[in-house]
Amino acid sequence: MTARIGIVTFPGSLDDRDAARAVHLGGAEPVALWHDDARIHGVDAVYLPGGFSYGDALRCGAIARFSQVMDTVKAAAAQGMPVIGVCNGFQVLCESHLLPGALVRNAHLRYRNRPAALRVETDRTAWTRLYEPGSEVVFPAKHGEGRYVADEAVLDRLEGEGRVVFRYLDNPNGSMRDIAGIANEAGNVVGLMPHPEHAVEALTGPSTDGLGIVGSVLAHLSEGVRR
Amino acid sequence: MTRELNVAVDTVGVADATPDEKQPWAELGLKDDEYQRIREILGRRPTQSELAMYSIMWSEHCSYKSSKVHLRQFGEKNPRTPRLLAGIGENAGVVAIDENIAVTFKVESHNHPSYVEPKQGAATGVGGIIRDIIAMGARPIAVMDSLRFGAVDHPDTARVLPGVVDGIGHYGNCVGLPNIGGETYFDPCYQGNPLVNALSVGVMPRSRLQSMQASGAGNIVILLGAKTGRDGIGGVSVLASATFSESGEGDARPSVQVGDPFTEKLLIEVCLELFDERLVVGVQDLGGAGLTCALSETAAAGDGGMHVDLELVPLRAQGMEPQDILASESQERMLLIVDPAKADEVLARAHRWGLLATAIGTVTGTGRLVVDFHGQTVVDVPPKSLADEGPVYHRPFSEPNDLGLISVDRAETLPRPSTDEEIRQTVLDMAASPNLCDKSWITEQYDSSVFGNTVLGAPHDAGVVRLDERTGVGIAISLDGNGRFARLDPYHGAQLALAEAYRNVAATGATPIAVSDCLNFGSPEDPHVMWQFERAVTGIADGCQKLGIPVTGGNVSFYNQTGRDAIHPTPVIGVLGVIDDVARRIPLGLGRTGDTIALIGETREELSGSEWAQVVHGHLGGVPPKVDLDHEMKLAELLARLAETEQLAAAHDLSEGGLAQALVEAICHSGLGAQILLPEGADPFTYLFSESAGRVLVVIPRGQELAVRTACEQRGLPITPLGVADANTDGLHLRDHFDLTRDELEAAWKGRIGARLGE
Chain A
194 MTARIGIVTF
204 PGSLDDRDAA
214 RAVHLGGAEP
224 VALWHDDARI
234 HGVDAVYLPG
244 GFSYGDALRC
254 GAIARFSQVM
264 DTVKAAAAQG
274 MPVIGVCNGF
284 QVLCESHLLP
294 GALVRNAHLR
304 YRNRPAALRV
314 ETDRTAWTRL
324 YEPGSEVVFP
334 AKHGEGRYVA
344 DEAVLDRLEG
354 EGRVVFRYLD
364 NPNGSMRDIA
374 GIANEAGNVV
384 GLMPHPEHAV
394 EALTGPSTDG
404 LGIVGSVLAH
414 LSEGVRR
Chain B
246 MTRELNVAVD
256 TVGVADATPD
266 EKQPWAELGL
276 KDDEYQRIRE
286 ILGRRPTQSE
296 LAMYSIMWSE
306 HCSYKSSKVH
316 LRQFGEKNPR
326 TPRLLAGIGE
336 NAGVVAIDEN
346 IAVTFKVESH
356 NHPSYVEPKQ
366 GAATGVGGII
376 RDIIAMGARP
386 IAVMDSLRFG
396 AVDHPDTARV
406 LPGVVDGIGH
416 YGNCVGLPNI
426 GGETYFDPCY
436 QGNPLVNALS
446 VGVMPRSRLQ
456 SMQASGAGNI
466 VILLGAKTGR
476 DGIGGVSVLA
486 SATFSESGEG
496 DARPSVQVGD
506 PFTEKLLIEV
516 CLELFDERLV
526 VGVQDLGGAG
536 LTCALSETAA
546 AGDGGMHVDL
556 ELVPLRAQGM
566 EPQDILASES
576 QERMLLIVDP
586 AKADEVLARA
596 HRWGLLATAI
606 GTVTGTGRLV
616 VDFHGQTVVD
626 VPPKSLADEG
636 PVYHRPFSEP
646 NDLGLISVDR
656 AETLPRPSTD
666 EEIRQTVLDM
676 AASPNLCDKS
686 WITEQYDSSV
696 FGNTVLGAPH
706 DAGVVRLDER
716 TGVGIAISLD
726 GNGRFARLDP
736 YHGAQLALAE
746 AYRNVAATGA
756 TPIAVSDCLN
766 FGSPEDPHVM
776 WQFERAVTGI
786 ADGCQKLGIP
796 VTGGNVSFYN
806 QTGRDAIHPT
816 PVIGVLGVID
826 DVARRIPLGL
836 GRTGDTIALI
846 GETREELSGS
856 EWAQVVHGHL
866 GGVPPKVDLD
876 HEMKLAELLA
886 RLAETEQLAA
896 AHDLSEGGLA
906 QALVEAICHS
916 GLGAQILLPE
926 GADPFTYLFS
936 ESAGRVLVVI
946 PRGQELAVRT
956 ACEQRGLPIT
966 PLGVADANTD
976 GLHLRDHFDL
986 TRDELEAAWK
996 GRIGARLGE
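In the order they appear, the protein sequences are chains A and B.
FYI, the numbering for the first sequence is 194 to 420, going by my numbering.
FYI, the numbering for the second sequence is 246 to 1004, going by my numbering.
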């Protein structure tokens, strides 16, 4: 039986269809989850897609944190369920304190859409298990508020614990230490700004490197985190 | 901030009792005979609300009163095609893609608001065109835009351009639609009148096509979406100040509306749910002219009448009077006509998405549009008199006096670069010029990949979007205009824009099937402008008839003029094509090393109206390049065939800047170099910079040269081998003439827009 990956739709979520396609192409079954419904229907993992949840009211991701579904997702994450947040999903994870730090306005103050070359820094997360550490991938990056910031102690700790998951090769937004994506201590929760779900078909994406994200979580679900 | 409502509402009863009350019809833009006609229609003087509604619906913007007599040509000359499911007069044209899927698309202007308040003006332009697409029953799947600004180094351009781009990006990105291309040009004639033409395209199952009819007496009228405020009340503020001047300065609100893409995104999702569940009888978007337009158009399209209780409309400003509510252009609203048995379900679905939905009236059998405000009737009119029976002008038109002189002032006689070094430098100067340089500073501010179906986006000749993952069927769209050509000859200039958009679609391997146009002109009160308009419309209508593709809708924007100075006539043409399998689309570039580079089409000495004449000489004169639509049809058929057989590695339309620019773009895009040998006897300057129409640069994979040549010869299309794509060549090697390294080309072509805006 194939794994079921829940994809949350908040009002203003935009990449939920793309995430569903990526999950499907990656060999798992996408399951639609609704922001205002605490039930997650027994899914094995959760994908928080990009977009402008709640119209970016207050701050990106700030309102989504209080949604019914996030209560359940937070509890499940604490129990080890794999959760990934991409773009706005990453912002939601930071606002929900599932990941440290914050995503603020790009240093150049503009929304910018460009393919981003990234280095995969670790395979010790539920979502990057199949990538070779040090390998390069290309995912589209498209955001106005993607500059990762945290205080020095947090950054040092992330580096020291091997929790920087993706790093920009050509930093597009002024993120501290070129950080594009990070994980929690257990490695089951990952957030990143660039979009792996837009890199799953040669026809429409800059690469097919994003297929490894769902592949990794499937491997993780059957075998556990690489230690 | 609230204004006391210290004057009794002007009801139908009051109007009956006070027939001689002085009314500000002239300030609202109505003419004496038009005001008298309103009185005849009603058999009394109009109420304030009615006067506001007539002045809006009979305005140029809503009634097309100056353009109608010419636009009829589209209907008369449109080729008949079984693909056309809905055409001119609907919110947007709908064309069938196959037995299951239909596509709807339309281009519309938001020029004046984008000059006054660039960000919100452009943003609400995008929002408005998206709602037209929803109103047909389709899911919007992409946007595109055609932009014109004044001189790139004019200080005001640094205000307008970044604002417009921010507005288009902000709205499109937040509402979740990929921007798949478009065009941006600079010319001093647009200094005080920038053009923002936004296109949207949507897809639907053919069975989901919606109607704007308010039919079936007893059906409920529901207003869905944002609350109604004072924004965008144009004419009515004149009315208010003329009538209530004693109350002080009144409400000074910006006349440009403010867009909320988040609400629009919810509107899309709610409307599509309602359509899929067959919960609505009719639907109309609220755009320019707000409720006035939506109520009168749905009522006029239906078979009866309508009764509305205006106090039920949810407001976000206090003290709004009925005419304010009727005229408000608050964004992100839709009007739904719903069976009463389904009304609760409609309200519940809207609520689930957090969207406001309110029953504000009912469809009646009276044949009248009646609007009450707190029980008092403020409007009682025959709806067709508002929506369909507005004034029609036969404005005088005459050829501009200077056209004869301009046509003999040919660019072909201008001094040209003569040495190889001069031509080499001209290639760089042209690549760096505002109209030809890389536009990624703009396009990178737009999401291009959301939905995951964008197969080709900017800077390809046309945007290509997959519609069906199972079959691979997709569409291609291009949006093109050339005001310089149209200034020299509006008939052929419009046809050149049509031919270019048609060719751009064909260059991706798609087959063109339909047209939408946005006609940007100066004041229709100027007979010379009216002549340009008549010529351009006739050119498009004749051209579409010849090409066998119908005009499915569009928009007219007049009064793009400051004082006596009108913009160049700028018809912008959107062409939609269909491609059976998007995997076979032809991209931009140079293919693989060793592939053959060739030119299909004939290069003549045609430099008048060209970018070279503009960049080097600041010159506009002569006659534009020749249009040959028979040739364009053969070329399009050839390209579709070669896409199907996968015999082309790349293709690129030749337009502004000619062959030189096409090579620069292909090289910069591909990462390969090009070795080029011009045909024997060809004048290098003419060959590189002429803007002859009907030409496409193609890249032929090794082993396919003979087959492609034969396919061209069978169709009587001239093909000229020019050279090879080569990984070992650094940039452009023009044998016997000069070399340009990749670094030189990229330094000239890239980064110019940001640099010119002071970044």
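The set of hints was computed from the structure by calculation and includes no laboratory data.
Note that CB positions come from ideal geometry on N, CA and C, so glycine has one too.
Hints may contain errors.
Per the computed footprint, the stretches of chain A lying under chain B, defined by three or more beta-carbons under 8 Å from a beta-carbon of chain B, are [as the list claims (entries may be wrong)]: (1) 252–264; (2) 304–317; (3) 356–365.
Far from chain B, some chain A residues (derived; all Cβ distances over 10 Å) [as the list claims (entries may be wrong)]: (4) Arg-197; (5) Asp-229; (6) Ile-233; (7) Gly-244; (8) Asp-249; (9) Met-274; (10) His-290; (11) Leu-323; (12) Gly-337; (13) Glu-352; (14) Glu-378.
Results of checking the hints against the structure:
1. Taking a C-beta to C-beta cut-off of 8 Å, the stretch 252–264 of chain A contributes 0 residues in contact with chain B, too few for the three needed, and the coverage statement is violated.
2. Counting residues of the stretch 304–317 of chain A whose CB lies closer than 8 Å to any CB of chain B gives 4, which reaches the minimum of 3, so the coverage claim holds.
3. As drawn, the stretch 356–365 of chain A meets chain B at 0 residues by the rule of a beta-carbon pair under 8 Å; below three, the given contact is violated.
4. For Arg-197/A, the non-interface assignment is confirmed: its Cβ lies about 21 Å from the closest Cβ of chain B, beyond the 10 Å cut-off.
5. With 10 Å as the threshold on Cβ separation, the claim that Asp-229/A sits away from chain B is violated: the shortest Cβ distance comes to roughly 8 Å.
6. With a cut of 10 Å on Cβ distances, Ile-233/A stays outside the contact zone with chain B, its closest approach being about 18 Å.
7. Once the 10 Å rule is applied to beta carbons, Gly-244/A is inconsistent with being away from chain B; the minimum gap is 7 Å.
8. In this structure Asp-249/A is not separated from chain B by more than 10 Å, as the shortest Cβ-Cβ distance comes to only about 8 Å.
9. Under the 10 Å C-beta cut-off, the non-interface status given to Met-274/A relative to chain B holds; the minimum distance is some 25 Å.
10. The claim that His-290/A is not at the interface with chain B holds, since no C-beta of that chain comes within 10 Å of its own (minimum 24 Å).
11. No beta-carbon of chain B is positioned within 10 Å of the beta-carbon of Leu-323/A; the least distance is around 21 Å.
12. Not every CB of chain B is more than 10 Å from the CB of Gly-337/A (nearest about 8 Å), against its label as outside the interface.
13. The claim that Glu-352/A is not at the interface with chain B holds, since no C-beta of that chain comes within 10 Å of its own (minimum 30 Å).
14. Every C-beta of chain B lies more than 10 Å from that of Glu-378/A, the closest at about 32 Å, which supports listing it as non-interface.
In summary, the structure is inconsistent with hints 1, 3, 5, 7, 8, 12 from the numbered list given earlier, while agreeing with the others.
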